[in-house]
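Chemist: Residue numbers (our numbering), protein chains in the order written: chain A, 1 to 302; chain B, 1001 to 1302; chain C, 2001 to 2302; chain D, 3001 to 3302.
No lab work stands behind these hints: they were computed from the structure.
No residue lacks a Cβ here, since even glycine has one placed at the ideal position from N, Cα and C.
Heads up, a few of these hints could be off.
DSBU-like, lysine-lysine: derived pairs with alpha carbons at most 35 angstroms apart [as the list claims (entries may be wrong)]: (1) B:Lys1099 to B:Lys1278; (2) C:Lys2278 to B:Lys1285; (3) A:Lys278 to B:Lys1251; (4) B:Lys1251 to A:Lys220.
Here are a few chain A residues that sit away from chain D, every Cβ distance over 10 angstroms (derived from the structure) [claimed, not checked]: (5) Arg26; (6) Gly27; (7) Ala123; (8) Thr160; (9) Gly161; (10) Gly170; (11) Asn271.
If we take Cβ atoms under 10 angstroms as the criterion, some of the chain C residues that face chain D in the derived model are [said to hold, decoys possible]: (12) Val2113; (13) Ala2158; (14) Val2236; (15) Val2242; (16) Gly2243; (17) Val2275; (18) Ile2280; (19) Met2301; (20) Glu2302.
4 protein chains.
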Amino acid sequence: MSSFAVRTDLALEDRERIGGSDGEIRGVILEEVEKEDSGIKVTRVKIETKNGAKLMGKPVGTYITLEAPALTEQDEDYHREVSGELARQLKSVMPDAEKEQSVLVVGLGNRDVTADSLGPSVADNLFVNRHVVMEFGRAAYAKGKMHSISCIVPGVMAKTGMESAEIVHGVVKETKPDFLIAVDALAARSTRRLNRTIQVSDAGIYPGSGVGNHRNALTKESLGVPVIAIGVPTVVDAATIVGDALERMEKESGLKLIAAREHPQAVSELNNMYVTSKDIDETIKRLSFTVSEGINIALNME
Amino acid sequence: MSSFAVRTDLALEDRERIGGSDGEIRGVILEEVEKEDSGIKVTRVKIETKNGAKLMGKPVGTYITLEAPALTEQDEDYHREVSGELARQLKSVMPDAEKEQSVLVVGLGNRDVTADSLGPSVADNLFVNRHVVMEFGRAAYAKGKMHSISCIVPGVMAKTGMESAEIVHGVVKETKPDFLIAVDALAARSTRRLNRTIQVSDAGIYPGSGVGNHRNALTKESLGVPVIAIGVPTVVDAATIVGDALERMEKESGLKLIAAREHPQAVSELNNMYVTSKDIDETIKRLSFTVSEGINIALNME
Amino acid sequence: MSSFAVRTDLALEDRERIGGSDGEIRGVILEEVEKEDSGIKVTRVKIETKNGAKLMGKPVGTYITLEAPALTEQDEDYHREVSGELARQLKSVMPDAEKEQSVLVVGLGNRDVTADSLGPSVADNLFVNRHVVMEFGRAAYAKGKMHSISCIVPGVMAKTGMESAEIVHGVVKETKPDFLIAVDALAARSTRRLNRTIQVSDAGIYPGSGVGNHRNALTKESLGVPVIAIGVPTVVDAATIVGDALERMEKESGLKLIAAREHPQAVSELNNMYVTSKDIDETIKRLSFTVSEGINIALNME
Amino acid sequence: MSSFAVRTDLALEDRERIGGSDGEIRGVILEEVEKEDSGIKVTRVKIETKNGAKLMGKPVGTYITLEAPALTEQDEDYHREVSGELARQLKSVMPDAEKEQSVLVVGLGNRDVTADSLGPSVADNLFVNRHVVMEFGRAAYAKGKMHSISCIVPGVMAKTGMESAEIVHGVVKETKPDFLIAVDALAARSTRRLNRTIQVSDAGIYPGSGVGNHRNALTKESLGVPVIAIGVPTVVDAATIVGDALERMEKESGLKLIAAREHPQAVSELNNMYVTSKDIDETIKRLSFTVSEGINIALNME
């Protein structure tokens, strides 16, 4: 693409953009499962080869998308159903879900920017017990088996002077969890997907930005333990939304307007800008509760 | 305009859009004063007639704009200079600034949405003394003359079930201030004006939305006392940014692409969406301090 | 009492202190109802005469106390039971609970002081609908009957320059609710009652301090509509806790140590100090959810 | 002492309790310096031997106390003076203050409990630059010499499942700072010292509680780099305040009331309770600004 590069954190949107809805992509497998009763659509994109990863612009791994249109509404029963489905999908990518393990949940993002506060807000509602297990043993809880759960909100570089990933690497070295669950707000390509889509992936996560910055990666390669990422798109990059509108206009008008699309000033103005919804505070409050409940259910061994 | 209506809360942008930079508008007067030492550009738009108000889409009154490009930077001395200039401009529209009066400052907007939290954040740093003056008299302070200052953050309708204006009307009836200062985050047309422009106006304010909803107005007509509005643009409507990009493309390509611009689906997707900057948390922190200092200085009679 | 005056906002504690557990007080009626299944003890103190009010140091009215020892624990089912019981008791003092009415809920206290943030926190989880009812009518909801619910968090005098009561009076004049529910954090005499007791009263409330300051009262007399108060003790005055310890020592030692108890320096040091629990953040989070659910259930007419 | 053990985090209060105002303690040196112009009293307690450490109940090291009575007032000039004095004292214990170093500032405590939020609030106002220095080098700033500054708020165990010290150890291993500055709210013995005393120490800090828990220590021994602790007493333990009142009563009455003082029920009720001031929100806001300014000045090499 040109300077209005279309950025998305959703593998599903990459898949749509590249392959069309029917076309095949070598090294990428797509499965859809419609959940008829709840209306939650679950899609699984598996990137299996390096070639697939290159085409998709995302690392090799499994990317599960839950599309739940009513997530934007205030319906407690529906949110509970989504939490249940999220828990099922989480368990499907957890390493050895039936064995007692220690889990570190990482709430990425910026607590002080509403659209970016999903990770910290999920952390606020999480059940943690590692300190109790450390002091009294698992016997402190009258249960058969249980995981040991800890949680960190690393904050953002402008306030800590450190990459989120540096802080997480340090905490992992010190506390040696068996695997990580990292939660973050994502960028989608289309406003239609905002706040109603949850992506679960076993391919790790790159807080803050693009693939390739290794100091910045939270992956099995960099940390030595598996990393499950949970994300919800809450923003669209401003350049993406304009680029998308221009592309649509080209299609409809049948004209090629490449010069305008690459206009450098128009692009630079939109850098560091994003689009989000006006009721993002209510949205994050509901979504963070739904995601934290999904994690709590998945990590409860009863 | 078409369905991508360009919305701005800045009278200066209306003036640019309508009159061009040279053209005259009947009933609207424009004065510019460049402050050479500080680089703060002060512009004064006076809407004097009903005709001018109709053309501009804004009520009759004076609209002062401070354009201070370095406001987005972390430079304490510069922010102090802007606070001083804001105080001077505030005093120029305050009714009888040399007389002891009671002032109610209103922090409009939503504390839980970062880009909309300017009003509540300004309230946090404001000097208030009405309760001390009520209990001990002005003699409690070792000063010649002083205003009595109170402050309210009415919150947003989704959380209170009431219009901000209803709450303010009630508080005005009960506490009878001599005039109001209302602070709010605004929408600009252009991303270039975001976070570096302050508008001061004596024309009142319409929290939440468009002119005409009288239950919603904070004006001299509805409240019986003067209302000075202070606003800083922190967002651009998503539809505006796309409409603007399309308009620019039309100009550059020399084509008329009206059909595309009125595409109803594209518009409805963008409703209830806005564009803001990624570091809006740091921005609001600095701006709210600068604006509250400006008010504190203007209301200090020493 | 002496200079270490024992202060409590709980009528039940006044009753214990004055009458002993068996003795009668003229003008004050005491009923106890143990709920055997849930372990919630409900007590009803009715102050019926001016004499009773004088003896008790509280206005004429009904004071219902729910004592729920396990409220300090993290047990969702138990909290749900307490919410249900609170809803029942609320309805018992609501004026005409079966008629559609408009209700203003007031969240008193200081959001920025954890132990005093119960009211604002309850407001955060409240269902409000007045704005929807005003715009679309009750038909907007697919229900038989419903109340119209609004909510205000007036804030504290140090930040607004106004008494909470002034703000509430103004909002009541403007929006004319049929009755008020005011929620506040209370002071108990004994640390044993902290965070596990809920008081519901139809006698109004005096935010900030003592009876008699009429500018400060939220009562049927001052507002013209009934006021139901809900309070949870979260603090003990520091002077009370010391006075109580000294009193206990006198009893146990059989000595009168009045001189020490009136020591003026010791008292003045403790003014403006209170005692609270170290995990007050978790406590307020749970309690505010339990109380808001109680109100939501009581105001739901289905 | 008995079960109402008097706890203080201030070495100065230990010194007063043990040695009296005149008496000597072997292994402990006391120096006082009254700053006449500002009214800030600076005291330096040096614990030089193991015997002194045992007597004082605190590790070997230097403890500097700034007593600034007017810190509780809203006087910007005075707070600026205290920041300046704090900066001077900080530099006196910094290792090699004239050499460019990397510093990690740690904001200990609980952001959600007002009286315990000093550390996180100081972090909010801190200048950090490590990420800029890492990316662009020190040349990014037009300065002669500069430190590289990072900052972490580890949060509390109930929310993270980890000791604060575990998180800090991990971050230190990963980012290898030259020394640490740890900021925390402290417990004093006397309410008279609350909110107007700053302690600076080179003896490290034990977040959460008592000496001896090595997993919990932030010291040169455990981390390998020097740790400077800055603390302000904002609470008194509830048991301490009652024990102190009883002790005073014993002295004044000439009686020994040991039985009462050891009353187990009275003590257990007060466990996990603390005493703090009613305006703790305003206090923390001012104090955190004063302390962060002191650190910012001390770490600015110009």
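Chemist: Determine for every hint whether it applies to the structure shown.
Modeler: Hints versus structure:
1. B:Lys1099 to B:Lys1278: Answer violated: Lys1099 (chain B) to Lys1278 (chain B) is near 43 angstroms, above 35 angstroms.
2. C:Lys2278 to B:Lys1285: 30 angstroms, holds
3. A:Lys278 to B:Lys1251: Between Lys278 (chain A) and Lys1251 (chain B) the Cα gap is close to 31 angstroms, so the pair holds against 35 angstroms.
4. B:Lys1251 to A:Lys220: Given that 35 angstroms is the threshold and the Cα spacing comes to 50 angstroms, the pair is violated.
5. Arg26: Arg26 (chain A) is indeed farther than 10 angstroms from all Cβ atoms of chain D, at 38 angstroms.
6. Gly27: 35 angstroms, holds
7. Ala123: 7 angstroms, violated
8. Thr160: 5 angstroms, violated
9. Gly161: Not fine: 3 angstroms to the nearest Cβ puts Gly161 (chain A) too close to chain D.
10. Gly170: Violated, because the least Cβ-Cβ distance between Gly170 (chain A) and chain D comes to about 3 angstroms, which does not exceed 10 angstroms.
11. Asn271: 17 angstroms, holds
12. Val2113: Because about 5 angstroms separates Val2113 (chain C) from the closest Cβ in chain D, which is inside the 10 angstroms limit, the hint holds.
13. Ala2158: With Cβ-Cβ at 6 angstroms, under 10 angstroms, it holds.
14. Val2236: Holds. Min distance 8 angstroms.
15. Val2242: 5 angstroms, holds
16. Gly2243: 9 angstroms, holds
17. Val2275: With a minimum Cβ separation of about 5 angstroms from chain D (threshold 10 angstroms), the hint on Val2275 (chain C) holds.
18. Ile2280: At 6 angstroms from the nearest chain D Cβ, Ile2280 (chain C) passes the 10 angstroms test, so the hint holds.
19. Met2301: 35 angstroms, violated
20. Glu2302: 35 angstroms, violated
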